[in-house]
Amino acid sequence: MTKKSIRLGDVVDRFGGQLFGNPEQGVVGIAPLSDATEEQITFLSNPKFRTQATASKAVALILSEADHNAIGDAYIGTRIITANPYVYFAKLAQYFFALNSEPVESGIHPSAWVSPQATVAASAYIGPHASIEAGAIIGDGAWIGAGVAIAKRVAIGAQTRINANVSIYHDCVIGERCVVHSGAVIGADGFGFANEKGKWVKIPQTGRVLIGNDVEIGANTSIDRGALADTIIENGVILDNQIQIGHNCHIGENTAMAGCVGVAGSAKIGKNCTFGGAAMVLGHLTIADNVHISSGSMVSRSILEPGQYTGFYPLAKNADWEKTAAIVRNLGSMRDKLKAVEKAIKQNEANSKDIQG
Amino acid sequence: MTKKSIRLGDVVDRFGGQLFGNPEQGVVGIAPLSDATEEQITFLSNPKFRTQATASKAVALILSEADHNAIGDAYIGTRIITANPYVYFAKLAQYFFALNSEPVESGIHPSAWVSPQATVAASAYIGPHASIEAGAIIGDGAWIGAGVAIAKRVAIGAQTRINANVSIYHDCVIGERCVVHSGAVIGADGFGFANEKGKWVKIPQTGRVLIGNDVEIGANTSIDRGALADTIIENGVILDNQIQIGHNCHIGENTAMAGCVGVAGSAKIGKNCTFGGAAMVLGHLTIADNVHISSGSMVSRSILEPGQYTGFYPLAKNADWEKTAAIVRNLGSMRDKLKAVEKAIKQNEANSKDIQG
Amino acid sequence: MTKKSIRLGDVVDRFGGQLFGNPEQGVVGIAPLSDATEEQITFLSNPKFRTQATASKAVALILSEADHNAIGDAYIGTRIITANPYVYFAKLAQYFFALNSEPVESGIHPSAWVSPQATVAASAYIGPHASIEAGAIIGDGAWIGAGVAIAKRVAIGAQTRINANVSIYHDCVIGERCVVHSGAVIGADGFGFANEKGKWVKIPQTGRVLIGNDVEIGANTSIDRGALADTIIENGVILDNQIQIGHNCHIGENTAMAGCVGVAGSAKIGKNCTFGGAAMVLGHLTIADNVHISSGSMVSRSILEPGQYTGFYPLAKNADWEKTAAIVRNLGSMRDKLKAVEKAIKQNEANSKDIQG
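Residue numbers (the working numbering), protein chains in the order written: chain A, 5 to 361; chain B, 5 to 361; chain C, 5 to 361.
Just so you know, these hints were derived from the structure itself, not from any lab.
Treat the hints with care, since some could be wrong.
Straight-line C-alpha distance at most 30 angstroms; calculated DSBU-like pairs for lysine-lysine [said to hold, decoys possible]: (1) A/341 with A/357; (2) A/206 with B/8; (3) B/201 with B/156; (4) B/321 with C/52.
Output of the computed footprint for chain A on chain B, the stretches with three or more beta carbons under 8 angstroms from beta carbons of chain A [unchecked claim]: (5) 84 to 95; (6) 131 to 143; (7) 155 to 166; (8) 338 to 350.
To be clear about the criterion: a stretch of chain B counts as covered by chain C if any three or more of its residues have a C-beta under 8 angstroms from a C-beta of chain C, and this derived list gives those stretches [as the list claims (entries may be wrong)]: (9) 120 to 128; (10) 206 to 218; (11) 306 to 318.
C-beta atoms are modelled at their ideal positions from N, C-alpha and C, and glycine is treated no differently.
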């Protein structure tokens, strides 16, 4: 299949930036500096790769003004100058992706089951063996993959894509232009139990999950419904795979979480936060906006001040770890010894003064 | 829809407690102190919220005798006094939940596939695109959601609810009144391999998973089948989402695990234990009854004594962590310096005695 | 059902080893020392169980030459001597497993959906409610479980088993003789976004997942597709449950990962490595061949030297941990105090010399 081409003039009309070169030049795709072919455009997002940029085979280069000036005559191809070449790359890659994609299906697959009481937009697609229960609403252009289970009264916004084998429990709401990856579970019961003489008494979980627009939810990620109030994921949140979000959590706009993160119930997390892989947040905590948690770190108290926070044991050769871990276990005794030493020195100094005095 | 109401007199007949007020008063639901409306009942489970309790709009309040005495005339509504208001809340919430729920479906959905060699109780429900293989037994009132895969000879107990897209492998047994949430996998092969000159030789996993009564299993949780013997989950165990239970584990009655916990193969865990989120247990360990493991903690040795155990690196601002982590890496040298100092002081004291002596 | 029997003479013909005893003796299965019946064979893989071995009811014993010599006349049954009894056990267990298994199904279940543009080998099995999209190729003897979703142009190699409710995204390739367990997701989008003034711009993920031969993938494990290049899992890799593999990772032959491991994007991991449960690897790192990471350890830098590496905070009684964690937080001040002490001692010694001098 021949890849479709776009004129560079059209690229800057669409995505902005300052073009240095022939606007009639066409490109068929975007690729990293080292991989790009002579029919593609490439991008320089890190000054340390300037030499690679000048050597790239790409017919055109997206770069910042600073890199443009620094490179000067060393690069002879066409340039597009923009404030953020990496974002420019992302948008142009999206454009090429859509340009070369198969047309999106619509209609209901003959093997799907759709309740007569459900409402499915004519432009939506319902895949093989998907099931849509009574009262559910599937918006314009939404795409529901194979084996997806949509329970009663769920709402799926326009242009949202729910991939194969996702499960969405009753009454949950998902906004527009979201992507939910396979195996994700939205709206299962939160983990709420009262303990009566050792036995657990289940507390019914009657809240919902409300997910905003432009949210991405990774494969095998779970987001529990609220106990009484709702679990809320605001617009623009991005969650990677294997993440656990407990009941009644509230995650602010544009916050990002990498794989394997866990957030216990009722945590309130601000906007524009980032969580590295396998970071964990205890329940009922408050995390301010613009907090960044490093991978593998355990958040056991509220964080009210923006910044980067970390807490994991540094890796070492096993034999070295055995040593340091044994000392960590006995840090109390080490501190006591240090205090004794400090005291002895003071005593010594006092004695010494007596002698010298 | 009008919510159904219950007389307070009927509440205490059903759930116990001592009523102070009008038994004819009806309530339509239960809610927390701050959310409850004038038609609802509320509960006080923590003395520090006494002031909120006296200000609640609720028509009635569930509380302990101690709080009842402490509050005195400050609260003018109806009261129910009970030993454990939180458990009372849980039970009453279950009651209202059932009262206001739609009637449970029964019968086999036309899109489901049920083997002619399977046995399905007439009162059970089999949802869209579920599959029930030969020899499987589905008990009275069991509820099998959309896309659930029940393999050969699996037994599902009465009143158990298996939510959408759960997978249960052949020969596993699940007790009565259990809840299994979407995406859970029960009975996949344990991780058993022998290493022959670098290559892994698979050991067939021929045991089963046996799950007792009143067990809850969270979304996307995995419980592996035993290698030769069975993996056993006793009555009343509650497991949150994204949990991994390895082959041949044995988990005692009423033990609770929060999200993201991992338990490696052949661990034997006692009764009434609790595991905080993302706690990890190595294989072949024994954990006594009534052991409580904090979130994010790694259990690398058997624990034979009840109590609370913890082990995670404390979170800090990243710059501070960089410093402390560097010191942790070199704790051996720090200890050596301390020893040298101690020795020097002893030497000094000896010298000093000589001088003074 | 009577279990099928095999002559010991046939066992050594098939799997090697030196037989001491009657080759006409039949065995119907293999079991551990303490469980084996008089009709079974057992194995001794650890010298510390020699006494148990001599007491076993099994009609025959697989053991090493060293154990054979050490045991001498204490054991009177038949023996098979081999270099690696545990591997011998695994192979013989596989043999018995196959011998006593039901014949594997083939053909397409009437409730499955197979695109007319897909290619399914006549000897393959497609289970209930599975879906196979256009362009997919299902190899000889492959087994596709209930509710599995195979997207466009996916290739599944011969004899590979895909268990119930697995999701495989378009264009991914899985080799021969693999096992993929339920809930696994292969080929979901990697977590790639550019940040434009706080908002996330999605980078299309156009690479694939390429999985070699003889790979095992555990329940609810996720392996993301590459962003531009492919994510690669080489031959013989074994992955346990609940694992996350980010986009563009490359995992070398025969590497093994236990449950709950997370590997961030673009990590390059060598051959014959092992990762304990819940170990985590940051993105873009390189891990050499034969590196072994302990459970619960966080790999935050590349590891270029083979060996065992560890990094987790040692578990303690909670009260003790509270103490040591407080000290860890203040290790900087402890180090400063130690320095001050060292200085004071030097000063003291100098003074002392002055006095004595």
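Now the hints, each set against the structure:
1. A/341 with A/357: Measuring from Cα to Cα gives roughly 24 angstroms; hence the hint holds.
2. A/206 with B/8: 21 angstroms, holds
3. B/201 with B/156: 36 angstroms, violated
4. B/321 with C/52: 49 angstroms, violated
5. 84 to 95: Since 6 is at least three, the answer is holds.
6. 131 to 143: Result for this restraint: holds, n = 3.
7. 155 to 166: Since 0 is below three, the answer is violated.
8. 338 to 350: Since three or more residues must qualify, the claim that chain A covers the stretch 338 to 350 of chain B holds, with 6 doing so at under 8 angstroms.
9. 120 to 128: violated (count 0)
10. 206 to 218: This one holds; 4 residues, not fewer than the three required, reach chain C with a Cβ under 8 angstroms.
11. 306 to 318: Result for this restraint: holds, n = 8.
When held up to the earlier numbered hints, the structure conflicts with 3, 4, 7 and 9 and fits the remainder.
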